[in-house]
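S.K.: Sequence:
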Amino acid sequence: MKVLVTGATGFIGRHLVAALLSRKKAIRILARNAEQAEAIWSPGSLEVVQGNLGNALTLGDLCEGIDIVFHLASGSFAENDKTGEAERLHQKVGVEGTKELLRRAVRAGVKRFIFVSSVKAMGEGGSSHLDEASPELPQTAYGRGKLAAERVVLEAGRTYGMHVCNLRLPMVYGSDGKGNLPRMMAAIERGWFPPLPEVKNRRSMVHVNDVVQALLLTAENPKASHQTYIVTDGCTYSSRQIYILLCQALGRSIPGWRFPAGLLRMIAKAGDFAGWVLKREVPLNSHVLYKLMGSAWYSCAKIQRELGYRPRYSLETALPEILKALCLATLHQRSLALTPDRREEGK
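According to my numbering, the sequence shown is numbered sequentially starting from 101.
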């Protein structure tokens, strides 16, 4: 059995490929830069095809001989874009790229196609606890692109009788992840992050290894065909709880005072105005504050019930490995920064 993975060099993709290699699967990956991709894994451990989903001419016979496609590739464009450019790019890369991949998969006789989507395809729902039956009201270009791509995947499954499945993910954490959580940890460590107030918001997240578990389940279980599933770690977190967990993991005392929510909103409004004047996004504006203090709360009951998915990690249990990886990455960056000086000293 041979597997194709798009987005294999990304955070989730690297973990999925590692799991597939441990299962002795034959793997082909699509990468924009073959040389960089080949440097990640042992020589000869997998096949690398250089190409871009936004350019069909680069794809060749990408799906020939493939049994399962894991489609993780996704464009990364500014969420707060007001020009419509992000909408256009998500349509081209996310939707049209998925259509092109499906055309090639159908032509090559691929049996199963698993698409990694996002809970943003549904919207965030405020204080509501959302599941797969909730209305789909995406609020961003990214979310609208993901929802459109999901529909393309399901339509292809109905039309051609292919096993297809969509997985909707919230924020994903893990030992070598990048994004808001490591940035928040770094800011707390440096004393730059304000002690957040308790606003009783609720947010869902998921560990990258649990995402891999869900990907393998949806590819292997016939019940997953033509389904869409939300995947979380089964916990909900307020922003204040996340702040406290990060402080504890870093060994930092939790301040006895809290930054007032009203003052944060005032600063965010000022940030909106500053961004409008400067024509660029500033560190704190209403968009950033909503991501920090708003609710985005989802249920993974369906995939637990139908496929036997069982989350094995929570943010609290994963933080030691995340912190260790963050420290190692920081030390590595510092050693690279010192290398030229050391060379000078040796002359």
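I should point out that these hints are in silico values taken from the structure, not numbers from a laboratory. Mixed in with the good hints, there may be bad ones.
Below, in silico cross-link-like pairs of lysine-lysine (DSBU-like), each with a Cα-Cα straight-line distance of 30 Å or less [what the hints assert, rightly or not]: (1) Lys300 - Lys192; (2) Lys199 - Lys278; (3) Lys102 - Lys402; (4) Lys300 - Lys369; (5) Lys391 - Lys402; (6) Lys402 - Lys278; (7) Lys369 - Lys211; (8) Lys369 - Lys391; (9) Lys300 - Lys278; (10) Lys192 - Lys379; (11) Lys124 - Lys323; (12) Lys125 - Lys379; (13) Lys424 - Lys278; (14) Lys300 - Lys211; (15) Lys323 - Lys102; (16) Lys369 - Lys278; (17) Lys323 - Lys199; (18) Lys199 - Lys369; (19) Lys192 - Lys391.
S.K.: Quick one: which hint numbers does this structure break? Sort them smallest to largest.
M.R.: 1, 7, 12, 14, 18
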